[in-house]
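Participant: We have chain A; now place chain B onto it with these hints.
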Amino acid sequence: QQPVQSPQAVILREGEDAVINCSSSKALYSVHWYRQKHGEAPIFLMILLKGGEQKGHDKISASFNEKKQQSSLYLTASQLSYSGTYFCGTAQGGSEKLVFGKGTKLTVNP
Amino acid sequence: GAVVSQHPSRVICKSGTSVKIECRSLDFQATTMFWYRQFPKQSLMLMATSNEGSKATYEQGVEKDKFLINHASLTLSTLTVTSAHPEDSSFYICSARDPREASGYTFGSGTRLTVV
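The listed protein sequences correspond, in order, to chains A and B. Start counting the first sequence at 1; every next residue gets the next number (our numbering). Start counting the second sequence at 1; every next residue gets the next number (our numbering).
Honestly, the hints are just simulated from the structure, not real lab data. Please note that the accuracy of each hint is not assured.
Unchecked claim - Which residues of chain B face chain A? A partial, calculated answer using Cβ under 10 Å:
1) Gly1
2) Tyr36
3) Arg100
Unchecked claim - Listed below are the simulated BS3-like cross-link pairs for lysine-lysine, each with C-alpha atoms no more than 27 Å apart in a straight line:
4) Lys20/B with Lys64/B
5) Lys26/A with Lys67/A
6) Lys55/B with Lys97/A
7) Lys97/A with Lys41/B
8) Lys66/B with Lys97/A
9) Lys55/B with Lys66/B
10) Lys37/A with Lys20/B
11) Lys105/A with Lys41/B
12) Lys102/A with Lys66/B
13) Lys20/B with Lys97/A
14) Lys50/A with Lys41/B
15) Lys97/A with Lys64/B
16) Lys41/B with Lys37/A
17) Lys14/B with Lys102/A
Where is the CB? At the ideal position from N, CA and C, for every residue including glycine.
Extracted from the complex, chain A is given alone in its bound form (with noise of 0.2 Å):
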């Protein structure tokens, strides 16, 4: 089941905040977040498994709601390092196979 991404497309200046969300309609086993450059392989950025959870590094966080049905990423002072595509991929169950959100387009210009 293929998880819901907002929004599909974010255009900021440099230094500006975002927030991407990445929803379930049944409880998820973890939540993992990518970064994708055009014509390059998706770029891990981190991994959710608890209800409840916050983690982060540099000015890129990620939260997992007490449910596990809803994952936010959190991109502070964006850099434009920061353009890219954001995926969310989610894993119901045991199971390891993730299934990705349609994406988020994050265009960060100067």
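Facilitator: This is chain B only, laid out in the frame that chain A set:
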């Protein structure tokens, strides 16, 4: 960190021919690898789960006779697109996870397949 190598990066083939794509885990063993297909400006669509030593598990709607997957060793999975047609043109990408690390999946660099 984990490294997944995928070859070739680009391939152009004639309609009706077959193309083999390799996916290798370079510094870890992967009993499971995943194959995705991505059309321009679209999401990653899971095609199949490659299982070392056993048959691959295909997602609904994916023709297993057309997309042959072989996972002959703990570090290599191959995807063969048989009797390729122009509609098979896409970006194919594999992923695997290092079981020693508490992290997500590492993707190969992808293969851009163009069928002419």
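Participant: All hints are to be evaluated individually against the structure, with a verdict given for each.
Facilitator: Hints, one by one, checked against the model:
1. Annotation: Gly1/B was flagged as interfacial toward chain A, and the flag holds, the nearest CB pair being 9 Å apart, inside 10 Å.
2. Evaluation of the Tyr36/B hint against chain A yields a held restraint, the C-beta minimum of about 8 Å falling below 10 Å.
3. Against a cut-off of 10 Å between C-beta atoms, the interface hint on Arg100/B is violated, since the closest Cβ of chain A lies about 15 Å away.
4. Proximity of Lys20/B to Lys64/B is assessed by CA-CA distance (about 14 Å); at most 27 Å being required, the pair is judged to hold.
5. A C-alpha spacing of about 9 Å is found between Lys26/A and Lys67/A, which places the hinted pair at or below 27 Å, so the restraint holds.
6. Using a Cα cut-off of 27 Å, the hinted pair Lys55/B and Lys97/A holds, with the two alpha carbons roughly 16 Å apart.
7. The straight-line distance between the Cα atoms of Lys97/A and Lys41/B is roughly 22 Å, inside the 27 Å bound, and the hint therefore holds.
8. At most 27 Å may separate the alpha-carbon atoms for a hinted pair to count; Lys66/B and Lys97/A meet this at roughly 21 Å.
9. With a CA separation close to 14 Å, the supplied pair Lys55/B and Lys66/B stays within the 27 Å bound.
10. Pair hint Lys37/A plus Lys20/B holds up; C-alpha atoms about 25 Å apart against a cutoff of 27 Å.
11. Distance restraint check for Lys105/A and Lys41/B: the Cα-Cα separation of roughly 9 Å lies within the 27 Å cut-off, and the hinted pair is therefore satisfied.
12. Under the criterion of a C-alpha separation no larger than 27 Å, the hint pairing Lys102/A with Lys66/B is consistent with the structure, at around 25 Å.
13. Restraint check for Lys20/B and Lys97/A: satisfied, since their Cα atoms lie roughly 23 Å apart, inside the 27 Å limit.
14. The straight-line distance between the Cα atoms of Lys50/A and Lys41/B is roughly 31 Å, outside the 27 Å bound, and the hint therefore fails.
15. Restraint check: the Cα-Cα separation between Lys97/A and Lys64/B comes to about 18 Å, which is no more than 27 Å; the hinted pair holds.
16. With a C-alpha separation of about 11 Å, the suggested pair Lys41/B and Lys37/A falls inside the 27 Å cut-off, and the hint holds.
17. A hinted pair counts as satisfied when its Cα atoms are at most 27 Å apart, and Lys14/B with Lys102/A does not qualify at roughly 31 Å.
When each numbered hint is compared with the structure, violations occur for hints 3, 14 and 17.
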